[in-house]
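Chains as they are written, first to last, in our numbering: chain V, -9 to 314; chain S, -1 to 345; chain E, 382 to 702.
Just to be clear, a hint being listed does not mean it is correct.
Stated by the list, open to error - Below, simulated EDC-like cross-link-like pairs (lysine to aspartate or glutamate); rule was C-alpha separation at most 16 Å, straight line:
| no. | chain 1 | residue 1 | chain 2 | residue 2 |
| --- | --- | --- | --- | --- |
| 1 | S | 74 | S | 98 |
| 2 | S | 72 | S | 83 |
| 3 | S | 74 | S | 29 |
| 4 | S | 150 | E | 696 |
| 5 | S | 81 | E | 611 |
| 6 | S | 334 | S | 266 |
| 7 | S | 118 | S | 90 |
| 8 | S | 118 | S | 98 |
| 9 | S | 82 | E | 611 |
Hints in this document: simulated from the structure, not taken from any laboratory.
For clarity, every value in this text was computed on a predicted model and none was experimentally measured.
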Amino acid sequence: MSEQTSVPLGAAVGNTPGGPVTAPPGLTDSTVEAGLEVKVRSQWDYARRRFLRHRLAMIGLVGLIILFGAGIFANFIAPYSFEQIDLNNVLHAPTLSGHHYFGTDEIGRDEFSRVIYGIRTSLEVGVLVAVLSTFIGLVIGAVAGYFGGWLDNLLMRITDLVLTLPFLAILAAASALLGAGDWKRITLILALLFWVGTARVVRGIFLSLREKEYVEAAKAAGGGDIRIMFRHILPNTLGPVVVSATLAVATAILIEAALAFLGLGIKPPTPSLGVLVQSGQTNPQQWWLTIFPGLTIVLVVLCVNFVGDGLRDALDPTQRRVRA
Amino acid sequence: MPEPVLSIRNLAVEFKTDDGIVHAVDDITYDVYPRETLGIVGESGSGKSVSTLTVLGLIPIPPGRIVSGEAIFKGKDLLKLGKKELQTFRGDEVAMVFQDPMTSLNPVLTVGFQLGEAIKTHYPKESDAAIEERVVELLSLVGVPGPKGRAKQYPHEFSGGMRQRAMIAMSIANNPSLLIADEPTTALDVTIQAQVLDVIEKVQHATENAATILITHDLGIVAELCDRVIVMYAGRIVEIGDVHTIFERPRHPYTIGLMNSLPKLTEDEEWLEPIPGSPPSLINRPSGCAFHPRCSVSQGRARCREEVPVLEATDDGGEHQSACHFKEELIGLRTKFSEPASAGGAA
Amino acid sequence: MLTYITRRVLYSIPVLIVSTFLSFTFVSLAGNPTAILRSNPRFSPVTLHLLEHQQHLDRSIPVRYWFWVKEIFTNKLGDSLQTFQPIWPDLTRTAGHTLQVIIIAEVLALILGVAVGIYSAIKQYSVFDYAFTTISFLGFAMPTFWLALLLQILFVDIYLKWNVRIFYTSGLNSPGQGTWSIDRLQHIALPVMTLLIISFATYSRYMRASMLDVINTDYVRTARAKGMSEWHVIMRHVFRNALIPIVTVAAINFGALLGGAIVTETVFSLDGIGYYFIQKLTNLDLYAVMAYLLITSVAIILFNLIADILYGYLDPRIRYE
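Take these sequences, add in the hints, and give me the full structure.
Quick look at the structure:
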């Protein structure tokens, strides 16, 4: 999709040097070089350039690659497993010996390893929630925006309803009552609450584009298939949807951590950065147990937010350029 | 010739963008005389709005930059004035009407309030009652029905044409000496356009001695309202003259192209003749005469490619100027709007 | 304007009903109050049977919902299933404490956030702007519980090292101290600070973005063309218009916080409605949990309504939809 087409001026015009006054102008190769070419850049090209120029987004991207890389390759990077107990090394401050960079907890488990595995869990939950909720939101938003009428009304009422629910409370209640300790269930519930943002945005786009493309398609293909409609309108939603999904990742990670901290989310033995911070609360003297997991959460979310910001700037169609 | 109200000399403005430096306006010089309506014609990107926006100080200074020039208004160079001093001119002696009335009014304030603001800014001692009265007077002048009630309404309750009338009313509130209308009808329906043009004409009579600059790409409007015309291309002035001369005896290939691309109602035409090619990039302007790649008169001659033509008097005399190396070759050329050849020919 | 308000209010009522019904169904099904009663060793099977009948637990869910709704109005949310003590007094007490904390936090956050947002927008790309953009980003990325913990640990350390108690790190107040005593303020200072920082990040960011949006509009250009001084342009055209989205965001945020800043209250062991909720939840005290969910839903819907009305008041275009 990122093609660059050069359009030489007067390409369709014939070459008649020295003809009568009203004849069309002639173009030689030299005039083409004289800066007459108008480079038409595709939308994705502009977006890509803008994103790459966004310093924060680049920092975020690098950070994410490092952090998520650590999470994915946890098995190779972490010096210990997350539950390996070493009662000789209880509550040890960070040190280089024995690779305990982040110190150890109250039963001698290596904090560094646990943090790395925690990143992996956050990554899994965050991405899964984003993917699921984006998908649900896309479908609902598209249906509502495209078909309009009573279906739109109904779906929007449902959306409003979901929005009035107190997220954290519902999640807490869900996990307490349903006995969730398993990240899959948490992910599912989160996804069922997060789709709203995406749905709204997608619906807006479908609503506005349906007026434009519809007329053309109706003319062109007579029985313009709905699928063709989705093939035309849907790509336009890609930008905002990607941005929305990125932010969903950040929020999901934060909420998962909060739940785990309260003891109502992911429970041990599955590692979670929130659980790690909780054990930091019970040992306030050992600052490394609080600082490192929390700092990791901050870093991960920060990087996701930077990238999200960069994406938003890059894909935002409203450009504030000066009018000549 | 009376003293000009506004004298622009060698004005050059450029903008720094991600793709390069845009030469929006390059060394332009013109005068505006009292009571006249001066039209500035050109395509989008020709720089026609920029010169007036610069005069009013409405160009954002980074990324914009005034490279050179002066704009003398009543003895003062507006480009050299400090912010506060410039503000005393804006909306009082020099007023502007913008293109899009939908977005040019603040949606959360009433129309009456915004009109009153125009007055109160420059005459803060006026009583509220007096201002209210004047607002209603202005609204009825521009033909807004039920002005008293309308003044209390919000912009979204006005139709597009009415909003533009309100904008015009706002601009003449303080009896400006110079009124600048930047594409005032472009965003409106054709039928409403005619009405708004009438309003502009009416308003010109109501303000004593005011000069008007009418910026447009629509030659029809120019023919109807303007006394003199400036034709701009790629940030430069290519032709100046009074409106009849320009239409009947244009002396620049671009102007001729513009004329020929217009439909004429009194004739049967099979094809319209657009100017071939597309507007030039203002970042990479063609060398020499910016129009030469699209010019049928140039015929590839080196001078057009190498030398920037200067505005010089044509065979009609000093009032009619053209920036074309070979303008003499255009003498005798007939456009759709020329007088028949038997009526005595050129000059 | 009145029709607009009426319409919004009427619309909120069914939303409230459906929302509470869903919560009720969810909690009843997932929580299984019958099982809870049965697990209580004090009750003989006969008593159990009576109790269940009295609590309408032998009926279907919609019927139970109906009885529960009646209870709200007649018996002020009734008694806890666990303790058999009335729920209402606990609820009001804790809600009051939460209100104190969040009102202080939100008002401060709003004032500071708006001020910083405005200045950041006017002096875009200045050092000030960059500094506060960084702070905002950090605020967004920071988990509330972590910030709360950090503050807590910090001030515990200060106390231990220098034996000076600047702020208390847990609890609502020392015994015998009043609601507006210095002691109380010392206790709630840290929770207020936690909420303040996080909300501030949101408000300053939104305000900045809103200001930038408005500064670049055509009507601001018109105002300048009228000859208004930059100060007047900003105060009368930019500021008012930019404030509109912030006001609605703040109202909605406040409504959400009324559910108690659960995490903050837990960290600081504050006797607020969020803390109450968590405790009741872990004890599976269902009716109390439901009462909490009801209050929270009402608060959210109410403040969404307020936000809508405020928006309609500030932006005349909305009223005519």
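Evaluated hints:
1. S:74 - S:98: Violated, at about 30 Å.
2. S:72 - S:83: Distance ~13 Å between residue 72 (chain S) and residue 83 (chain S) Cα, so the pair holds.
3. S:74 - S:29: holds (14 Å)
4. S:150 - E:696: The given pair, whose Cα atoms are some 15 Å apart, holds under the 16 Å limit.
5. S:81 - E:611: holds (9 Å)
6. S:334 - S:266: The hint holds at about 11 Å.
7. S:118 - S:90: Judged against 16 Å, a Cα distance of about 11 Å means the pair holds.
8. S:118 - S:98: violated (24 Å)
9. S:82 - E:611: holds (9 Å)
Consistency with the previously given hints fails for numbers 1, 8, ordered from lowest to highest.
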